[in-house]
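Given the sequences, and given the hints that come with them, work out the whole structure.
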Amino acid sequence: MNAFHGRVTAALADATLKIAIDRTTNTARAKRAAAIAAWPEFAQARVLGRDIKDHVIANMEYYLNQFETNAKKTGAKIHWARTGQEACEIVVGICKAANAKTVTRSKSMLGEEIGLPHALEAAGIERVETDLAEHIIQLAHEKPSHIIWPALHKTREQVGDLFRANHTDPGALETVEQMVNSARRNLREKFMAADVGISGANFLIADTGAICTVTNEGNAELTTTPPRVHIVTAGIEKLVPSMVEAMTMLRLLVRSATGAELTQYTTFHAGPKRTGDVDGPEEFHIVLVDAGRTTMLAEGLAEMLRCLRCGACMNHCVVYRQIGGHAYGATYPGPMGSVITPSLDGLEKSQDLPRACTLNGQCQEVCPVAIPLPKLIRGWRTKAWVQGYEPVYTAWALRIWEFLALRPALYQIASNMALRVMPVFAKGGWIAKMPLAGGWTRYRDMPRPQAATFLAQYKKRQAAK
Amino acid sequence: MNNAKKAIFAAIGKALPAPASAPAIAAELTQLRARIDATRPERVSGPPDEVFLDRVQSPGVAASAERIGSLNDLPAAVMRYAAQHDLALNIALQPHPNLEALNWSGLQTRDHVGTDETLAVGLALGGIAETGSLVFHSSPESPTLFAFLPLHHIVAVSYKNIWPWMEDYVRAFTGAPPPRNVNLVTGASGTTDIEGTLVRGAHGPGWLHVVMVGPPTD
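Those sequence lines, one after another, are chains A and B.
Mapping the first sequence onto the numbering used here, position 32 (from 1) lands on 32, and the numbers just tick up by one.
Mapping the second sequence onto the numbering used here, position 155 (from 1) lands on 155, and the numbers just tick up by one.
Simulated from the structure, these hints should not be mistaken for laboratory data.
Predicted model, so just to flag it, every value in this text is computed and none were measured.
Don't take each hint at face value.
[Stated by the list, open to error] List time: in silico DSS-like cross-link candidates among lysine-lysine, alpha-carbon distance up to 25 Å:
1. B/Lys6 <-> A/Lys72
2. B/Lys5 <-> A/Lys73
3. A/Lys73 <-> A/Lys31
4. B/Lys14 <-> A/Lys96
5. A/Lys383 <-> B/Lys14
6. A/Lys77 <-> B/Lys5
7. A/Lys73 <-> B/Lys6
[Stated by the list, open to error] Taking CB as the label site, the calculated pair distances span:
8. B/Lys14 <-> A/Arg188: 27 to 37 Å
9. A/Glu189 <-> B/Pro177: 57 to 67 Å
10. A/Thr83 <-> B/Ala27: 34 to 44 Å
11. B/Met79 <-> A/Ala10: 56 to 66 Å
12. A/Asn360 <-> B/Pro59: 27 to 37 Å
Every residue, glycine too, gets a C-beta built ideally from N, C-alpha and C.
Have a look at this one:
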């Protein structure tokens, strides 16, 4: 059993995890469905969102230059990083130059991707995660298991235990409301005392040089406004031409992520404190990060660079909803992660992820920028096949199937034999255990097959006409 | 150009076909923009200020709201709100000249917002009817933290400054240099991070009260 299968087996055996995943993803799916139903123009907006992102990606150099020029006009300092490591070095360097002892951080998946939390800790800088879910997993010393709800794998009972052990004066922790209030009280002073605030960016606005953050808690603004220094880390694909296009993308992003029409706090940040401002950072840095994005562009994964990081694909993925995020063993779980991770970490290391998919197409259907995720996942499977990563038994099974499929008479004989043998193992309408099918029946039953093959039934019906 | 930027641009250049000319890019963008209006949620019908107040109080945004005839009526509205919520008559008042010019007798005011502020009173630049969002532009008269630190935030907004859709707000400021912060505030702070259950007052305000100013009643 390899590491991925080990994690999957452990996840499937964890009943609490299944409860936690269901509680959040069921709510998320229902709320998204209601929000989309209330927006008849969604289908048209989705195609427009796709085209806007494609336009920007096709003209990336142009828009990056435009963004850089305009951001500099606002007083922002621009840094470029080829790799995650380079980005972390830049961020840590800015923190050290500012003599930072503590930094607050507003949730950013790019930060997770490039290993920023670890880099800050290694540099001896105290890191305070301010998003409630990130706060929970920081206390639990865990990694995010979902890109919108990083602590989705935790039940309220588990969160209560964590806060009881770690918060000052938590008070009663019976209800979710009490837990949220305890976090509010415990993080308040930390927001105000931080030397540096670090955020990501949901969008880079090319024509003004502003960056956009979206949160529901208000933690981004409390992270970016009080400290002396604000550092933004952003992937180079986050561009939109202007605020007008950002609005289209926001409509798509927020409905797909949480089912709301707009996040409670949608903020466009442009440079440091101005003359007379009583709050705001004195320094404003933007680190523009490649970290594999140009490789994705070259590898035929340009469509993946449209991704808004809404998480809808994972909420609707039948595999994610069984195994949760940690089983994927990567920063990005679920369908979008199965496409991105092989590019970031190499296919050899992450070859299991594109296989952990039923290709039912739900992810593509709900994607707000119409990323053809199943096609991209199949692309990785093809590469894995070509590069010889497919397990021997899969190769042999497919060869046997190919041999039969090219010989219809033999194929029918084989099907008929299977139909005779399989019912022997069935109890009621289901097969709970059968030789050679353990991989399937370990976690689910197989339906008892029909009495005759499709072709046999078809011939019979045609003859009866 | 620094080395990292040079390397990133070289990689982009290698992966993509030859870049289009600036006019060609602009022409394509114009075509994309022409499609935006048809994709907006078609719900904004009727006077924008009325739609805005509906949205603000809809379950999704869940703020409270009222309308007053003139900004002079704001201190009375604040006192009513404080009494309703059993709050001390002690407020952080956004240092906007239009607010400072009002008669606040009966209330203690200060021009800055504390870390654990209970009640702050502010003035928004405007609102967006489509989403029920308040718009703030940061400035000496509109410090950003007023919208984030208090537990209760009362915000006055003129009925004249309500834009129907988000794009209408953007177009009203196109070409102007961007403020340090544009804050679109849509309801009170909330989180669904524990089991997807919505709880208000995560880090920002737990209560948002919108006071629409005008049209004059007399």
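Each hint, compared with the structure:
{"no.": "1", "hint": "B/Lys6 <-> A/Lys72", "in the structure": "holds (18 Å)"}
{"no.": "2", "hint": "B/Lys5 <-> A/Lys73", "in the structure": "holds (18 Å)"}
{"no.": "3", "hint": "A/Lys73 <-> A/Lys31", "in the structure": "violated (41 Å)"}
{"no.": "4", "hint": "B/Lys14 <-> A/Lys96", "in the structure": "violated (36 Å)"}
{"no.": "5", "hint": "A/Lys383 <-> B/Lys14", "in the structure": "holds (21 Å)"}
{"no.": "6", "hint": "A/Lys77 <-> B/Lys5", "in the structure": "holds (14 Å)"}
{"no.": "7", "hint": "A/Lys73 <-> B/Lys6", "in the structure": "holds (21 Å)"}
{"no.": "8", "hint": "B/Lys14 <-> A/Arg188: 27 to 37 Å", "in the structure": "violated (49 Å)"}
{"no.": "9", "hint": "A/Glu189 <-> B/Pro177: 57 to 67 Å", "in the structure": "violated (35 Å)"}
{"no.": "10", "hint": "A/Thr83 <-> B/Ala27: 34 to 44 Å", "in the structure": "holds (36 Å)"}
{"no.": "11", "hint": "B/Met79 <-> A/Ala10: 56 to 66 Å", "in the structure": "holds (59 Å)"}
{"no.": "12", "hint": "A/Asn360 <-> B/Pro59: 27 to 37 Å", "in the structure": "holds (32 Å)"}
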